[in-house]
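Protein chains in written order, with the working numbering: chain A, 1 to 113; chain B, 1 to 115.
It is worth saying that the hints were derived from the structure and are not from the lab.
Note that the structure is a prediction, hence the values are computed from the model and not measured.
Cβ atoms here follow ideal geometry from the backbone N, Cα and C, with glycine treated the same way.
Careful: at least some of the hints might be erroneous.
[To be verified] Among the chain B residues that face chain A by a calculated CB cut under 8 Å, a handful are:
| hint | residue |
| --- | --- |
| 1 | Leu34 |
| 2 | Glu42 |
| 3 | Gly43 |
| 4 | Ser101 |
| 5 | Lys102 |
| 6 | Leu103 |
| 7 | Phe105 |
| 8 | Gly106 |
| 9 | Thr107 |
[As the list claims (entries may be wrong)] In silico EDC-like cross-links for lysine to aspartate or glutamate, where the CA-CA straight-line distance does not exceed 20 Å:
| hint | chain 1 | residue 1 | chain 2 | residue 2 |
| --- | --- | --- | --- | --- |
| 10 | B | Lys68 | B | Asp84 |
| 11 | B | Lys5 | B | Asp31 |
| 12 | B | Lys54 | B | Asp24 |
| 13 | A | Lys14 | A | Glu73 |
| 14 | B | Lys5 | A | Asp56 |
| 15 | B | Lys5 | B | Asp24 |
| 16 | B | Lys37 | B | Glu15 |
| 17 | A | Lys9 | A | Asp26 |
| 18 | B | Lys54 | B | Glu42 |
| 19 | B | Lys37 | B | Asp59 |
| 20 | B | Lys68 | B | Glu15 |
| 21 | B | Lys102 | A | Glu52 |
| 22 | B | Lys102 | A | Glu73 |
| 23 | B | Lys71 | B | Asp24 |
| 24 | B | Lys54 | B | Asp31 |
| 25 | B | Lys5 | A | Asp38 |
| 26 | B | Lys102 | B | Glu15 |
| 27 | A | Lys9 | B | Glu42 |
| 28 | A | Lys57 | B | Glu42 |
| 29 | B | Lys102 | B | Asp31 |
| 30 | A | Lys9 | A | Glu52 |
| 31 | B | Lys102 | A | Glu79 |
| 32 | B | Lys102 | B | Asp1 |
| 33 | B | Lys71 | B | Asp31 |
| 34 | A | Lys57 | A | Glu73 |
| 35 | B | Lys102 | A | Glu59 |
| 36 | B | Lys56 | B | Asp31 |
| 37 | B | Lys102 | A | Asp56 |
| 38 | B | Lys37 | A | Asp38 |
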Amino acid sequence: NAGVTQTPKFQVLKTGQSMTLQCAQDMNHNSMYWYRQDPGMGLRLIYYSASEGTTDKGEVPNGYNVSRLNKREFSLRLESAAPSQTSVYFCASTMPTAHYEQYFGPGTRLTVT
Amino acid sequence: DQQVKQNSPSLSVQEGRISILNCDYTNSMFDYFLWYKKYPAEGPTFLISISSIKDKNEDGRFTVFLNKSAKHLSLHIVPSQPGDSAVYFCAASASLAGTASKLTFGTGTRLQVTL
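Construct the complete structure from the given sequences, taking the supplied hints into account.
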């Protein structure tokens, strides 16, 4: 049981470049999430997917798109990276009902120059 | 508007003593609260949670207290150990029928347990 996996672990982009962050979970969870963590800001929700086939915006969705490829996989795409998107990105998953704790991946550290 | 606040960015405690981490919230719709622990270069891991129908939940060395009238919760670690040194995040969620469990996080408190 790998839990939640994320690729890549590190990435450096130039302004304007695009990339996709990959996330997969093997716990048969229905709901998946993307967060970003910035110094002094805690974790902020970018997008989430309550179940396969649905996605919704979180607190800070601008500049990002997501795809729920299947029950296991939830990807985050930056179409035109900006320095303000330099951050650590975490994927998480949980069971579908409220109040189940979320399980987090190890994170992707992204730097946009 | 920060709905979940952790006003102490850092805390230093001696090994064996009690660590008390605090968290305040403003949204009265929050009815479930969680604490996460995060080591450098790792994802947050779930530590302990409490429902708003309770005022205390205990798990080994970790106890969470909830004061709904004050919109305040705290995490007590007794006794503190060097391995507890990490960043602790408070998080809250509101029951909304038909939606995924969305968490709102505080900014974190860095705990250092010294020998």
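Okay, the hints, checked on the actual structure:
This hint holds: B:Leu34 has a C-beta 6 Å from the nearest C-beta of chain A, less than the 8 Å allowed. Checking B:Glu42 against chain A: minimum C-beta separation of about 6 Å stays under 8 Å; hint holds. Satisfaction of the interface hint for B:Gly43 is found here, the shortest Cβ-Cβ separation to chain A being roughly 3 Å, below the 8 Å cut-off. Interface restraint check for B:Ser101: the shortest CB-CB distance to chain A comes to about 5 Å, inside 8 Å, so the restraint holds.
Interface restraint check: B:Lys102 against chain A, minimum CB-CB distance 6 Å, threshold 8 Å, status holds. At about 6 Å, the closest approach between the beta carbon of B:Leu103 and any beta carbon in chain A falls short of 8 Å, and the interface hint on this residue holds. Hint status for B:Phe105 relative to chain A: holds, with the closest Cβ pair at about 4 Å, below 8 Å. Interface restraint check: B:Gly106 against chain A, minimum CB-CB distance 6 Å, threshold 8 Å, status holds.
Of the supplied interface hints, the one on B:Thr107 holds, with its beta-carbon coming within about 4 Å of a beta-carbon of chain A, less than 8 Å. Proximity of B:Lys68 to B:Asp84 is assessed by CA-CA distance (about 27 Å); at most 20 Å being required, the pair is judged violated. Among the hinted pairs, B:Lys5 with B:Asp31 is consistent with the structure: their alpha-carbon atoms are about 16 Å apart, no more than 20 Å. For the given pair, B:Lys54 sits about 16 Å from B:Asp24 by alpha-carbon distance, which is consistent with the 20 Å threshold.
The hinted pair formed by A:Lys14 and A:Glu73 fails the criterion: a straight-line CA distance of about 26 Å is larger than 20 Å. With a C-alpha separation of about 25 Å, the suggested pairing of B:Lys5 with A:Asp56 is violated against the 20 Å cut-off. Restraint check: the Cα-Cα separation between B:Lys5 and B:Asp24 comes to about 5 Å, which is no more than 20 Å; the hinted pair holds. With a CA separation close to 18 Å, the supplied pair B:Lys37 and B:Glu15 stays within the 20 Å bound.
For a cut-off of 20 Å, the pair hint linking A:Lys9 to A:Asp26 stands: about 19 Å separates their Cα positions. Taking the CA atoms of B:Lys54 and B:Glu42, the gap is about 31 Å. The hint is violated against a cut of 20 Å. Between the alpha carbons of B:Lys37 and B:Asp59 the distance comes to roughly 14 Å, so the proposed pair stays at or under 20 Å and holds. Distance hint between B:Lys68 and B:Glu15 is unfulfilled; the C-alpha atoms sit about 31 Å from each other, more than 20 Å.
Note on B:Lys102 and A:Glu52: the hinted pairing holds, with a Cα-Cα distance of about 16 Å set against a maximum of 20 Å. In summary, the hint linking B:Lys102 to A:Glu73 is supported, as the alpha carbons are separated by about 18 Å, within the 20 Å threshold. Distance check on the hinted pair: B:Lys71 and B:Asp24 sit about 6 Å apart at the alpha-carbon level, within 20 Å; holds. The hinted pair formed by B:Lys54 and B:Asp31 meets the criterion: a straight-line CA distance of about 10 Å does not exceed 20 Å.
Between the alpha carbons of B:Lys5 and A:Asp38 the distance comes to roughly 15 Å, so the proposed pair stays at or under 20 Å and holds. This hinted pair does not check out: B:Lys102 and B:Glu15 have alpha carbons roughly 35 Å apart, beyond 20 Å. At most 20 Å may separate the alpha-carbon atoms for a hinted pair to count; A:Lys9 and B:Glu42 meet this at roughly 10 Å. Between the alpha carbons of A:Lys57 and B:Glu42 the distance comes to roughly 25 Å, so the proposed pair goes past 20 Å and is violated.
This hinted pair checks out: B:Lys102 and B:Asp31 have alpha carbons roughly 12 Å apart, not beyond 20 Å. Distance restraint check for A:Lys9 and A:Glu52: the Cα-Cα separation of roughly 25 Å exceeds the 20 Å cut-off, and the hinted pair is therefore not satisfied. In summary, the hint linking B:Lys102 to A:Glu79 is not supported, as the alpha carbons are separated by about 25 Å, beyond the 20 Å threshold. Between the alpha carbons of B:Lys102 and B:Asp1 the distance comes to roughly 17 Å, so the proposed pair stays at or under 20 Å and holds.
Proposed proximity of B:Lys71 and B:Asp31 is supported: the alpha carbons are some 11 Å apart, at most 20 Å. For the hint linking A:Lys57 to A:Glu73, the alpha-carbon distance of about 17 Å falls within 20 Å, and the restraint holds. The suggested pairing of B:Lys102 with A:Glu59 holds, with an alpha-carbon distance near 10 Å, which does not exceed 20 Å. Pair hint B:Lys56 plus B:Asp31 holds up; C-alpha atoms about 14 Å apart against a cutoff of 20 Å.
Pair hint B:Lys102 plus A:Asp56 holds up; C-alpha atoms about 11 Å apart against a cutoff of 20 Å. This hinted pair checks out: B:Lys37 and A:Asp38 have alpha carbons roughly 16 Å apart, not beyond 20 Å.
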